[in-house]
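Fit chains B, C, D, E and F to the known structure of chain A by using the hints.
Number of protein chains: 6
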Amino acid sequence: MSDKKVLKLGIPKGSLQDATIALFERAGWRIYASGRSYFPTIDDTEIECMLVRAQEMARYVEQGHLDAGLTGHDWVLENQTDVEYVTSLTYSKASRQKVKWVLAVPEDSPFHKPEDLAGMTIATELVEFTKRYFAGKNIPVKVEFSWGATEVKPPMLADAIVEVTETGSSLRANRLRIIETLMESETQFIANKDSYADAWKKEKIDSLALMLNGAIAAQGQVGLMLNVGKANLDAVLGVLPALNSPTVSQLSDPEWVALNTILEESLVRDVIPKLKAAGATGIVEYPLSKVVL
Amino acid sequence: MSDKKVLKLGIPKGSLQDATIALFERAGWRIYASGRSYFPTIDDTEIECMLVRAQEMARYVEQGHLDAGLTGHDWVLENQTDVEYVTSLTYSKASRQKVKWVLAVPEDSPFHKPEDLAGMTIATELVEFTKRYFAGKNIPVKVEFSWGATEVKPPMLADAIVEVTETGSSLRANRLRIIETLMESETQFIANKDSYADAWKKEKIDSLALMLNGAIAAQGQVGLMLNVGKANLDAVLGVLPALNSPTVSQLSDPEWVALNTILEESLVRDVIPKLKAAGATGIVEYPLSKVVL
Amino acid sequence: MSDKKVLKLGIPKGSLQDATIALFERAGWRIYASGRSYFPTIDDTEIECMLVRAQEMARYVEQGHLDAGLTGHDWVLENQTDVEYVTSLTYSKASRQKVKWVLAVPEDSPFHKPEDLAGMTIATELVEFTKRYFAGKNIPVKVEFSWGATEVKPPMLADAIVEVTETGSSLRANRLRIIETLMESETQFIANKDSYADAWKKEKIDSLALMLNGAIAAQGQVGLMLNVGKANLDAVLGVLPALNSPTVSQLSDPEWVALNTILEESLVRDVIPKLKAAGATGIVEYPLSKVVL
Amino acid sequence: MSDKKVLKLGIPKGSLQDATIALFERAGWRIYASGRSYFPTIDDTEIECMLVRAQEMARYVEQGHLDAGLTGHDWVLENQTDVEYVTSLTYSKASRQKVKWVLAVPEDSPFHKPEDLAGMTIATELVEFTKRYFAGKNIPVKVEFSWGATEVKPPMLADAIVEVTETGSSLRANRLRIIETLMESETQFIANKDSYADAWKKEKIDSLALMLNGAIAAQGQVGLMLNVGKANLDAVLGVLPALNSPTVSQLSDPEWVALNTILEESLVRDVIPKLKAAGATGIVEYPLSKVVL
Amino acid sequence: MSDKKVLKLGIPKGSLQDATIALFERAGWRIYASGRSYFPTIDDTEIECMLVRAQEMARYVEQGHLDAGLTGHDWVLENQTDVEYVTSLTYSKASRQKVKWVLAVPEDSPFHKPEDLAGMTIATELVEFTKRYFAGKNIPVKVEFSWGATEVKPPMLADAIVEVTETGSSLRANRLRIIETLMESETQFIANKDSYADAWKKEKIDSLALMLNGAIAAQGQVGLMLNVGKANLDAVLGVLPALNSPTVSQLSDPEWVALNTILEESLVRDVIPKLKAAGATGIVEYPLSKVVL
Amino acid sequence: MSDKKVLKLGIPKGSLQDATIALFERAGWRIYASGRSYFPTIDDTEIECMLVRAQEMARYVEQGHLDAGLTGHDWVLENQTDVEYVTSLTYSKASRQKVKWVLAVPEDSPFHKPEDLAGMTIATELVEFTKRYFAGKNIPVKVEFSWGATEVKPPMLADAIVEVTETGSSLRANRLRIIETLMESETQFIANKDSYADAWKKEKIDSLALMLNGAIAAQGQVGLMLNVGKANLDAVLGVLPALNSPTVSQLSDPEWVALNTILEESLVRDVIPKLKAAGATGIVEYPLSKVVL
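Chains as they are written, first to last, in our numbering: chain A, 1 to 293; chain B, 1 to 293; chain C, 1 to 293; chain D, 1 to 293; chain E, 1 to 293; chain F, 1 to 293.
Chain A on its own, in the form it takes in the complex (with noise of 0.2 Å):
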């Protein structure tokens, strides 16, 4: 290596690669990969990435192969890895929530909590993290890993299964009943810890991490404008939700102001009629690219 400072960061290849490719350019980077390398370019000379699965992620950067990456929280718990948790992400309000790991048996079984499965078998991607559950109550199971379609298991290949799920809907189309929510998990931008302990590396990691969430932040809001008369500016005030006060500027006319605000989406059907009503008038909303508050 040279004497350049470069940081070596982690993309997760996958499910979850396009969406943060995606979620890159939205915060300012260019990340191109291309066909079969798993060394993508990015158009950042102090920044070297390489494509890791998700479930190797945290290794690979506790080891510190990696200075920093994106994995989901469930996976830094299966290895037990000790890295440093710069931010949590949610990559869109709309399409990502948290997802959860679950403790799920067939409909019919007559097993309704942890304990009635002792004796039996678990089948599971995240085998230590389960095997590490279940001692600590104590309950002797065998946990066999499962390469994939875990839901299609039980009963005939396996008595039970911890899965991961968004809405629970394709456990219920396999006929499948929850008994336990064993851990919520969420995306992560993790950081090795010596990385993060040398300050060139952390502010670029930090800048980072402020980008990618004004990227984020910015895919639930959009900006307002409108105008209105000072007679009506407080009923419109008392309509816009408190958390973002309006900038508010004068116009030519000194009986007009000007509003420019940022409003959550999926509140603006309902604040626009009421906007209306309240006197203000030349409403426009208008699509965002960041949001740093």
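To be clear, the hints were calculated from the coordinates, so they are not data collected in a lab.
Negatives, chain E to chain D, calculated, CB over 12 Å:
hint, residue
1, Val99
2, Val102
3, Phe111
4, Ala135
5, Val141
6, Val164
7, Trp200
Heads up, simulated DSS-like pairs for lysine-lysine below, C-alpha to C-alpha not over 25 Å straight-line:
hint, chain 1, residue 1, chain 2, residue 2
8, E, Lys274, D, Lys5
9, D, Lys274, F, Lys5
10, B, Lys5, A, Lys274
11, C, Lys202, B, Lys274
12, D, Lys4, D, Lys193
13, A, Lys193, A, Lys4
14, C, Lys5, C, Lys202
15, B, Lys131, D, Lys131
16, F, Lys202, D, Lys274
17, D, Lys276, D, Lys230
18, C, Lys142, E, Lys131
Here are some, though not all, of the chain A residues that point toward chain B, as calculated from beta-carbon distances under 8 Å:
hint, residue
19, Ser249
20, Thr281
21, Gly282
22, Ile283
23, Val284
It should be emphasised that the depicted structure is a prediction, and the values quoted were computed from it without experimental measurement. Cβ atoms here follow ideal geometry from the backbone N, Cα and C, with glycine treated the same way.
Below, chains B, C, D, E and F alone, put in the same frame as chain A:
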């Protein structure tokens, strides 16, 4: 049904479906139409959606199976239904104009006005409306229901047709000549009369109408910001269309003001060169998501 | 031709076609290129479009068959045409740089400068330019027209090639070594000299050039709004690039001002962390459609 | 029309179109249906094709606009047309069985036989047939034309439906219960009665029928060749289905014969192991294009 | 090069490429053209392939860079190359006929024979051939190289064109009129004269030609097997085309024989009904992969 | 379970799934794998299918959850399962050879034999087999489970890998060097030992094996028919491979015989030219669907 207030809303199935769902998304409601289901979900617990063919929408709204729905004015007339017209919706200035239902005959046929068709066979999808039209003129014709491909039927399978057209290009391609326009039609947001008399449903329907129109208005318009010295302000204002007066705000430099206005997108290419010639600087166009004036 | 003023405009057929049509749309003109037709329609009754190969564009503009057109500087030179250069157009900062025409030979060949190629065979699509280049240096070579795949010809089918390249990666993949750059080229908006001397056509051409450049400029830039207390104003202004002075407007609170400015998109990821550190709040980035400074 | 003999043939537009064109190709006629044209070309100068909706086919064949056509038996009945049934065509044993038109009601409805529906509303695409069916049983019902998605209408938009089904899976998915089968239907090759009385047209129609059936027969059958010693011949013949007696030819070795036969494809997996057990050798299965026994 | 015998074979790059590779596969050679490489692999260690534009093929075969290759007769003539014609290849009877190079002018132009074009401009991709053609007739014309879309150039950009056509439909669509056919052309398998004088290369080239033609012949033909009683044998034989005499073999039953023959696929639909009428039974058509008579 | 005899059959989920289903279809069984279901239907009431990952197949067959299944020999070894090997299946001669599991290191690494890796980290998907391999050689190594992309890990994330390869091209592309082949593997049809001891299940399994092999054999072979005069018979027979003796049948003309034989497809291109040279005529190649010799 529980006490919970719910608006039953009909979404047109078929050619308008995707455009309607896209319009609702721009207006602030996400509709998820998954695969084969005719009951798409919507991210508003106060609304229940059903996909219904545009041809049948007015019938079911009139009968009260649906509180409101979107359909063409043509099909309201065909079914002679008694419904409330909430608002017309021209989805997008660029791609969507009023359609016309026209009476068309082969280019080289001897028919030149409706009366010439006495005794002839007319194929159409709009059977009842067509029958009433000719009955009103006391012209005896045979009207046959056409299951599709109406414009290829003359002269072999029919003497004339009553068919919908936007630009007439499909009629010309089939060597047909328009001899009369029977009706113009555009998309209507209609409501059941009893539903619209209910205060809660009326407010919900009106909010939907306001936001749908706000989203439609934003499609053909853009935001424009510019700076101008006070000496040039009148010249610059003279270039802008009179319709929407711009927001003028004072800059720190007392000799300069900032203008912020909304403009028809189609005018921008003519207006910007004139603004620059009139002394405006820092001219910036930005996209809008909703416009409620 | 009628008295109606019409500008005959050549659109480059082929690899640049889609990007050109997209650029015109961003600039305010919609071009509809349907299937096989070489005469796309445009939503401006004062313009008639024709799709013409970039290689032939300059020839037809020079002869007056077209009033104006877009083509590469390289093909203007190849054809040695006498046309007016209105403006160069770098479609997008991100994806489009100047291309180079280079003289390349096999990696392991004994040729290291143009003079080494005396008596050799050179394959190229740019036959006339290449002949003049070597004639100007008094180096006798055989120049053969290449119908394509020029870079795979050495050493079996040619001794050297003159080929266009952006990044050199295709040349490297074919194990070729560049020994000289013969020309740099970018897209030019060119006009027939007589047409450009006509007042009406000149104004039309110049408006097109202004709007095309306005659309190009907007692609690499974004809008930035923020609030800042007057105490921090100088620090915040110090962070912003000097080029474009921001619009500063007074807020209702006399201690605060709002800043609105335009920024190179590639700088945002560095500037926002510094703005926040300097005391800015409510930092919002929004997209731009056109920028005419 | 000239003196040239031409058969006007209706090809069903819509869901059967591609399968029909594929069937004709296997039978020896190539039909080219290009884009939007309703008059596909065919490589037989004695035939002119027209794409016609299956629902309208029988009407136009009866009226003599077409000499012959393919449509479902159901639509012949719906239109009560008087046409010649040339042959039924079950396109492929694997994918195409007779369809049924059934009377279906919501699973949890109190309706269990047609009589229970007195006074109720029935939605169907097959309005006339349904009206006659209930009139024949003296059960008063309201029959409404359904533009599509009939199976989602009960119970909200209709009390019962008359709908087409192959396997019943779509009805089950919509929680409907079949209470009566009104009709079975399969594809028919029909002819106008006058056309079929014309000697030239009859021969042309019969040749088409022969070859279409020859192509259909070939789809579910395969050729089988094998060698067998005369000592084992009876045992081997005993394994083969009795229907088609095999061609037995003498080999050079007087102790051996070769068998060549046609077999239902679905039987092959059972027959080959038995043939081998019975002493056959060199068993070879080969595909067939047409079978006319 | 080692001592190993290798045939350097040119495969036409571009519109013929996929059809050529498919033809070689049917003939028994698999060619793998991966992505961007111009040197496809082939499953025959005695052959090395290179993708070469059809326009350049004859030049490189003549110069000996390639031993053999496939290209159109037109480009052999354009380049005036001296090569061995091994065989012509009409890829498939159905989709591939001889193409024609024609002289075409605008429908409403005053030009009706080549002589009318004296002094005019002619655009063509086949510059040298066209120049020689007009020189041979002592008609002075200006011939310009056309980079493509030649048929849209008249009358605006050229007075006439020399262009390739199969059916003339593209010319008609551009309102052009053919006034002379200059040349007919089909695909040729050509060889370098020295290579063809080498015994090993000649045998390799001839085997390729035999198998390519065997695969082409199989495409338009089918196998036909049937049984017939000896009493009907003459009648049945009378129905079969005289060209290929069938194989007649004796069945076990002395009164019956089996016929096995090859037939033009396009005749089958006429022959089978006649065979059945003449007393044949068990008529079976089966597909062929190669036919070498 | 009812008394009905049923064979529980595991189909490999993933990369082999489509090829397996295609193979079963060629063998005579249609498997319908719809969307997300892991229990595809099959047109044989005596079989129940389940999709199971190849990695887990042997485990579930050994435990008796499945009677039989298809998986790689590698995964049988990895799991050290005790199952019956019914037959190996090389899906297709053309596209499917035995795969190898190899030990690979970076090209420029100092490792040249397994022993050199003492103390090093080895990444692999085949953890248990690899551990046993090195334990058997008394070489202490750290074996880490790799979730994928194993070949990009050296040298950054591992010192060596044990990875599967067909042609080695992926290893070369990642600049890795093979230092040892640990195992060869191909697809196996395996059965539970108890199931295979059951007479009914054994017969069912053996029939499946016979037909699967019959379908595989047909893929690489073709049928060949030809006529030959008795004078040339020996010469023609001399050209044919000795393996399969052809069926010789007497033609009506006593001087001629017909030959019908099976041939390796890859030999055809060499054999046909020789057959023709030896006096054969009417040489026809036809495709085969199954071959059971």
